[in-house]
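If you follow the hints, you should be able to join the two separate chains into one complex; please do so.
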Amino acid sequence: MKTLAMISGVAAAVALLAGCAGGPSRSDAEYRQLALDTIKRDFQAKGQAKYDRLTADEVQQACNAHANNPPADLVLKLTGAQFAGIKLPADNSYLGDWKEGEKIAQSGRGFTWSDKATDPAGGNCYNCHQIGPQESSFGTLGPSLLGYGKTRGNSPEMQKYTYSKIYNSKAFNLCSEMPRFGHAGALNETQIKHLVALLLDPASPVNK
Amino acid sequence: MKSHVALMAALSVALVGPAAAQTKDANAEFEKFRAEMEESSPAELFEARGEELWKAKRGPNKVSLAESCDLGQGLGNVEGAYVRTPRYFADADAVMDIERRLVWCMVEKQGFKFEDIAKKPFQGANDNNAPDITNLVTYVASGSRNMKFDMPLHDAKVRDAFETGKAMAAYRAGPYDFSCNTCHGTDGKRIRMQNLPNLATSEGAIRGVQGWPGYRMTGGVMLTSQWRMNDCFRQQRFPEPKYASQAVTNLIAYMTGNANGQLYKGPGIKR
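Residue numbers (my numbering), protein chains in the order written: chain Z, 696 to 903; chain W, 25 to 295.
The set of hints was computed from the structure by calculation and includes no laboratory data. It is possible that part of the hints are untrue.
[Claimed, not checked] The calculated lysine-lysine pairs, modelled on DSS-like cross-linking and capped at a C-alpha distance of 25 Å, are: (1) W/LYS81 - W/LYS172; (2) W/LYS213 - Z/LYS798; (3) W/LYS144 - W/LYS133; (4) W/LYS266 - Z/LYS745; (5) W/LYS56 - W/LYS213; (6) Z/LYS811 - W/LYS266; (7) W/LYS133 - W/LYS143; (8) W/LYS181 - Z/LYS735; (9) W/LYS86 - W/LYS133; (10) W/LYS143 - Z/LYS811; (11) W/LYS144 - Z/LYS811; (12) W/LYS79 - W/LYS143; (13) Z/LYS845 - Z/LYS855; (14) Z/LYS741 - W/LYS144; (15) W/LYS143 - Z/LYS745; (16) W/LYS181 - Z/LYS745; (17) Z/LYS735 - W/LYS266; (18) Z/LYS741 - W/LYS143; (19) W/LYS81 - W/LYS143; (20) W/LYS294 - Z/LYS735; (21) W/LYS294 - W/LYS266; (22) W/LYS144 - Z/LYS735; (23) W/LYS266 - Z/LYS741; (24) W/LYS137 - Z/LYS741; (25) Z/LYS735 - W/LYS137.
[Unchecked claim] Some chain Z residues near chain W, calculated using beta-carbon distances under 7 Å: (26) PRO719; (27) SER720; (28) LEU790; (29) ASN822.
This structure is a prediction, so every number in the text was calculated from the model and none was measured. The C-beta atom is built at its ideal place from N, Cα and C for all residues, glycine as well.
So that you can see chain W by itself, here it is in the shape it has in the complex (with noise of 0.2 Å):
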């Protein structure tokens, strides 16, 4: 395990060399590396910690989400909860991403204050840690390993987020024109070296999902598809979309809704 991530920051050191340096066979290398590490995930360590945290009694309420929180499954059962969201929840009257209904689960029953998990939803590359919300998320995902996902898009609330957030990724605004279909729009296109899947299509929009959350090589962090679609509006050039938002939730919806009846092979490795 350390010895992977001694070798995992070695790797990244090197890809994110000189912008020339990320030549085809870096990315080639990457794959080769990221098929390796495949069994071993660095991954694993954010997992466990995730379990522990969905077990503890926390928050000023003292519960565990363990005993308190129904993710779709029934209270308490984390088992295909990630490959069958977003999905709508009555308590909330919502369609919720993982993310969100685990935040809101935190607020609702422990008696978190929303802003005070708002405040740093993510790891920063200076970070030693990710923050609680994240190794949650990394717990539940794991325990969708190798299941399909199965988002319930015949809901009319659920097809309703999918289809918001289909017009919200052909929105284009801001001072470069940008919508998310600039890059995301068409087969086969990059920035860079970096292939751009075309979130439209299946074989895209699964691409879009695997391996998230993932381990990031590019800092030693782990993120979310909370995280993914916050950074991708900033290279879009738009403000802010708040965390936990209906909006991120409506473009994670559209993207799990199109790879739907695909394999999701568990909390990964990103670049």
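Extracted from the complex, chain Z is given alone in its bound form (with noise of 0.2 Å):
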């Protein structure tokens, strides 16, 4: 009785203190809600940027409805069909050119509403990952990937996984902030294996 009247003394205590604090009024859910509705109702399409980018894939939503940390068992099944989705190259090599896959690395051009939607995009990766020794001018959003093949190996699994990686970084880890370059159509077959040759290529200054 006595820790009953405690209990409710301490609940209208905080509610008195959330509303003289001003605190918020709704439950999370309640402003992910309206601030989805915002979004719907205050955006615009813009050159290559449509009003459809604006709704969430499954993946996205499990993600933002569970502050990128979803149950063990929706990972489970989301990672699972991210990760049958991934296209692997039908003649089954996964080393391309590491020279044409720097170029693509430092590029970071696409997507957006001032990008041409015909110009090939980039694929960002020196925006958040240290990579050749040479560029100084990297992001830390990702972790450092240099000498990331002489680290981890050029064998065939290795290759195989980078290629999977960047085609589709969910398939590995949900809510991952890396982009799904394949899957989101940002990167083609020959552009990736070029990606896979500058991390895992022996020759690639990334492994020197």
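In structure tokens form, the structure reads like this:
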């Protein structure tokens, strides 16, 4: 009885505090819905960035609804579906030309409303990763990939994994901050092979 | 003043050269330069133009904003208005940031057409002059120089804008699955050599709102927080937020609320 009174007392105090301090008056889920309604109302298509980009797909929805940490069963189901959608090269070869890979990794072009839809997209890789030793202007949103092939090896499994990771990062880490380059149609098979070579080819500066 | 602008132009060429040239040295150089420039800020030119616009009788209704526009601090008063917005305006029944409020006054009081203002709200790299609205925002912002951010977060409607902005910043969509938080949700991250403030923290949020409106050395243009939001949505690969919309106000409310209590130094200089 006493504890109950205490608990309701605390609850009242908390409610009062929230009221006085002007705390949030709705739940996180309600604010998420409000955010979505606002976005749908207040955005317009521009250039190649069409309105339908605002609609989250099932992976984005799961990450949005669970602060990038969905329950394990949902993660299992969705990573499985993403993995199943990866198209591996028919010729079963993964290593392209690392020099071409470097150019793709450097380019940040693609998909913004100011990019021409007909121009090929770049990989944006240096925006987020350290990669080649000669490039000092690199981002840090992703881990350093300098020496990637040297430490991880150049086995067929590594080649397949690296290709797949670039094709669809979410097949391995559902709420990864890395785009799904193959899945999104940003990079094609040849381009991804060049990037795999940049990361794994023993001749690539990344592994010197 | 003039020589400063020339110097800035020279330095901006140096800074926006090949990506590889944007080294840590360039960052340090810019910071040193920005500190030196702070006293005779090129933003002053835009403030002066904005003050003239604020006081002039304009628009189909031939009234001045000074005699007709309430920015939340009483009719015609610009002092402290910038650091105390976004706030709720009963006459518009909306929470508004300063740029949105100024547009509202231009439309409702002076009789300008919203579509005309929204057609080209930001200065482009090839434009000699900043739009009137940018000059006005810069003038109003100068009236809060060296005051602390004090957005009325205790007001339930402002709180709703803040919380909705917070949820918007976490919303992932588009071809790259990006949200604001992809780039601005963790401490100490960079895109290439550009440092990314973590907008969820008070140290990051103040970096996000400090120096805006700002004279941007890339292109030599004067730009507002509304522009910054617009360009980040471009980088996010989203469609465009409508000009002066609630969506943009919500994000500005989220950042300003997190920056509350910290000193605003007035219109500044940006890379």
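Here is how each hint holds up against the structure:
{"no.": "1", "hint": "W/LYS81 - W/LYS172", "in the structure": "violated, 31 Å"}
{"no.": "2", "hint": "W/LYS213 - Z/LYS798", "in the structure": "holds, 23 Å"}
{"no.": "3", "hint": "W/LYS144 - W/LYS133", "in the structure": "holds, 20 Å"}
{"no.": "4", "hint": "W/LYS266 - Z/LYS745", "in the structure": "holds, 14 Å"}
{"no.": "5", "hint": "W/LYS56 - W/LYS213", "in the structure": "holds, 21 Å"}
{"no.": "6", "hint": "Z/LYS811 - W/LYS266", "in the structure": "holds, 21 Å"}
{"no.": "7", "hint": "W/LYS133 - W/LYS143", "in the structure": "holds, 19 Å"}
{"no.": "8", "hint": "W/LYS181 - Z/LYS735", "in the structure": "holds, 20 Å"}
{"no.": "9", "hint": "W/LYS86 - W/LYS133", "in the structure": "holds, 9 Å"}
{"no.": "10", "hint": "W/LYS143 - Z/LYS811", "in the structure": "holds, 22 Å"}
{"no.": "11", "hint": "W/LYS144 - Z/LYS811", "in the structure": "holds, 21 Å"}
{"no.": "12", "hint": "W/LYS79 - W/LYS143", "in the structure": "holds, 24 Å"}
{"no.": "13", "hint": "Z/LYS845 - Z/LYS855", "in the structure": "holds, 16 Å"}
{"no.": "14", "hint": "Z/LYS741 - W/LYS144", "in the structure": "holds, 14 Å"}
{"no.": "15", "hint": "W/LYS143 - Z/LYS745", "in the structure": "holds, 19 Å"}
{"no.": "16", "hint": "W/LYS181 - Z/LYS745", "in the structure": "violated, 31 Å"}
{"no.": "17", "hint": "Z/LYS735 - W/LYS266", "in the structure": "holds, 11 Å"}
{"no.": "18", "hint": "Z/LYS741 - W/LYS143", "in the structure": "holds, 13 Å"}
{"no.": "19", "hint": "W/LYS81 - W/LYS143", "in the structure": "holds, 22 Å"}
{"no.": "20", "hint": "W/LYS294 - Z/LYS735", "in the structure": "violated, 31 Å"}
{"no.": "21", "hint": "W/LYS294 - W/LYS266", "in the structure": "holds, 24 Å"}
{"no.": "22", "hint": "W/LYS144 - Z/LYS735", "in the structure": "holds, 22 Å"}
{"no.": "23", "hint": "W/LYS266 - Z/LYS741", "in the structure": "holds, 10 Å"}
{"no.": "24", "hint": "W/LYS137 - Z/LYS741", "in the structure": "holds, 22 Å"}
{"no.": "25", "hint": "Z/LYS735 - W/LYS137", "in the structure": "holds, 24 Å"}
{"no.": "26", "hint": "PRO719", "in the structure": "holds, 5 Å"}
{"no.": "27", "hint": "SER720", "in the structure": "holds, 6 Å"}
{"no.": "28", "hint": "LEU790", "in the structure": "violated, 26 Å"}
{"no.": "29", "hint": "ASN822", "in the structure": "holds, 5 Å"}
Checked against the numbered hints above, the structure breaks hints 1, 16, 20, 28 and satisfies the rest.
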